[in-house]
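There are 4 protein chains.
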Amino acid sequence: MKTTTPLIAAAMLAGLTLASPAFGEDTLYKQLGGYDSIAALTDAFLTKAGQDKMLKRFFVGHSTGSLAKIRQLIVDFICAKSGGPCIYTGRPMVEAHTGLKITNADWDESNEIFGIVLKALKVDKDLQKKVEAFVGSLKGEIVGK
Amino acid sequence: MKTTTPLIAAAMLAGLTLASPAFGEDTLYKQLGGYDSIAALTDAFLTKAGQDKMLKRFFVGHSTGSLAKIRQLIVDFICAKSGGPCIYTGRPMVEAHTGLKITNADWDESNEIFGIVLKALKVDKDLQKKVEAFVGSLKGEIVGK
Amino acid sequence: MKTTTPLIAAAMLAGLTLASPAFGEDTLYKQLGGYDSIAALTDAFLTKAGQDKMLKRFFVGHSTGSLAKIRQLIVDFICAKSGGPCIYTGRPMVEAHTGLKITNADWDESNEIFGIVLKALKVDKDLQKKVEAFVGSLKGEIVGK
Amino acid sequence: MKTTTPLIAAAMLAGLTLASPAFGEDTLYKQLGGYDSIAALTDAFLTKAGQDKMLKRFFVGHSTGSLAKIRQLIVDFICAKSGGPCIYTGRPMVEAHTGLKITNADWDESNEIFGIVLKALKVDKDLQKKVEAFVGSLKGEIVGK
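Protein chains in written order, with our numbering: chain Z, 2 to 146; chain X, 2 to 146; chain U, 2 to 146; chain B, 2 to 146.
Extracted from the complex, chain Z is given alone in its bound form:
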């Protein structure tokens, strides 16, 4: 019997990236500066969102350990979907957001914060557009569930 190695199994799980690079182009993961940049981006976003009048309600009911898990899952998700060597092991997007009743206004506020963070981290305009397209593609799985 052939044994699938953990590595191959993991690779199969990782699946296709949401944002496949054009031929000869770097992955979005690389363009963003790799893991450290994605982690910094996520932390800056969560810090701002956790203090935002409209969005902070989503963070209040979570323990420090629960917030750490959410943070790590977001980093893993972005890393995995942008072509980095992470595996996202959380629930599918729809399931993870069902019941949260995230509104269009929440989504817009969240995107505004994200834009500010991308700018603060000096992500260039072209790349910012790609990242925003990537985030935008998730809206249907997150809002109104």
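Don't take each hint at face value.
Unchecked claim - Label pairs and their calculated CB-CB ranges:
{"id": "1", "chain 1": "U", "residue 1": "THR104", "chain 2": "Z", "residue 2": "PRO93", "range": "24 to 32 Å"}
{"id": "2", "chain 1": "X", "residue 1": "ALA106", "chain 2": "B", "residue 2": "ASN112", "range": "52 to 60 Å"}
{"id": "3", "chain 1": "B", "residue 1": "GLY91", "chain 2": "X", "residue 2": "ILE117", "range": "36 to 44 Å"}
{"id": "4", "chain 1": "U", "residue 1": "ASP27", "chain 2": "Z", "residue 2": "ALA106", "range": "42 to 50 Å"}
{"id": "5", "chain 1": "Z", "residue 1": "THR28", "chain 2": "B", "residue 2": "ASN112", "range": "27 to 35 Å"}
{"id": "6", "chain 1": "U", "residue 1": "GLY145", "chain 2": "B", "residue 2": "THR104", "range": "27 to 35 Å"}
{"id": "7", "chain 1": "X", "residue 1": "ASP109", "chain 2": "B", "residue 2": "SER138", "range": "42 to 50 Å"}
No wet-lab data here; the hints were simulated from the structure. The C-beta atom is built at its ideal place from N, Cα and C for all residues, glycine as well.
Starting from the structure of chain Z, add chains X, U and B where the hints point.
Here is chains X, U and B on its own, set in the frame of chain Z:
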């Protein structure tokens, strides 16, 4: 090499109950009416708490699946600690509540709701006192973290 | 905005049971003797399976805590699917077994152990048939993945 | 009331690294080449360990999804402890290994594989020593539990 069976391993994990019955007395689990009663009690409590002005903030940021996990962990915890055949597999109480900043006022409100629920489910006075003593013993691990 | 209470959300998650009772009949959960019987059944099964030459390979790589989680998820699953007040919060059956390469021989061995356990716990013949039909209905989601 | 932001909470959780760099020196995370190198190292190690006669027993009872979680937790652990921007959200080392009955021989085999992998990935001798010292410091929490 001696193999510890999963059952024995599980039993070791379950540990001592918080509320050991006096010699010859039923466990608190049995006195409460077993698992079904504990599940009904937990569901009634969570329903009321989720609608309560002061407490609902703890539930807003959780998806339906996340709330289901919290519910099941609470049932498992009460079941295990009262002497029932459940294993609590969640994080230790202090860790699970650190960062939630649960206040004394939250705790009192929560106990008031719990009392109403015990009464509505026709738990008799003596038993209610035992349950409240059991819940009371957890305060130090939950409030002000 | 109407708020779905945690209880209702949990109930929705619990979904339909695999083994709906005929009109006027008790649920399989009740017929089995409720939670305590299901827990005893699961523990007896896991103890035997963990010592079985053919099946013990599935348990070797799990820590005590990991085995406790598996045990609790099995109890929750049987409880929920047989009509009891539990919520199964684990991964879907197929996902939970993909990669385990459980063979038909493993499945048969497992069923034989399960039959011995049902007999030892004095489950009557009629009920044993219902339980085995319930377990049998899961084979396609568990074997050969 | 002062609100601890998710970022700060996460940072507090991350705690001290096992391998603090000397003054002015890069973290072990940086010396290793950051996240991508740690992920490659972990994948190469797990692939070899999963095929190893002595060690493969630890991987047999895990689904593809379970292996992916283990892989991701190992990467997160090494990243976090070596000074990288990851948070390890798994159970403490002792708890995660209790019941596995990892022997000294397993540990030695595992270290031999790890050494081969470090060499294959062209980690230089000095750095290899540091990494092995770091891994060695974990032995007491992993073996014989």
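Structure-based check of each hint:
1. U/THR104 - Z/PRO93: 24 to 32 Å: holds (29 Å)
2. X/ALA106 - B/ASN112: 52 to 60 Å: Holds, at about 54 Å.
3. B/GLY91 - X/ILE117: 36 to 44 Å: Between B/GLY91 and X/ILE117, where Cβ atoms are some 39 Å apart, the hint holds.
4. U/ASP27 - Z/ALA106: 42 to 50 Å: holds (49 Å)
5. Z/THR28 - B/ASN112: 27 to 35 Å: Holds - the Cβ-Cβ distance for Z/THR28 and B/ASN112, about 33 Å, lies within 27 to 35 Å.
6. U/GLY145 - B/THR104: 27 to 35 Å: Since U/GLY145 and B/THR104 have Cβ atoms about 33 Å apart, the given range 27 to 35 Å holds.
7. X/ASP109 - B/SER138: 42 to 50 Å: Because 46 Å falls inside the window, the suggested range holds.
Comparing the model with each numbered hint stated earlier shows that all of them hold.
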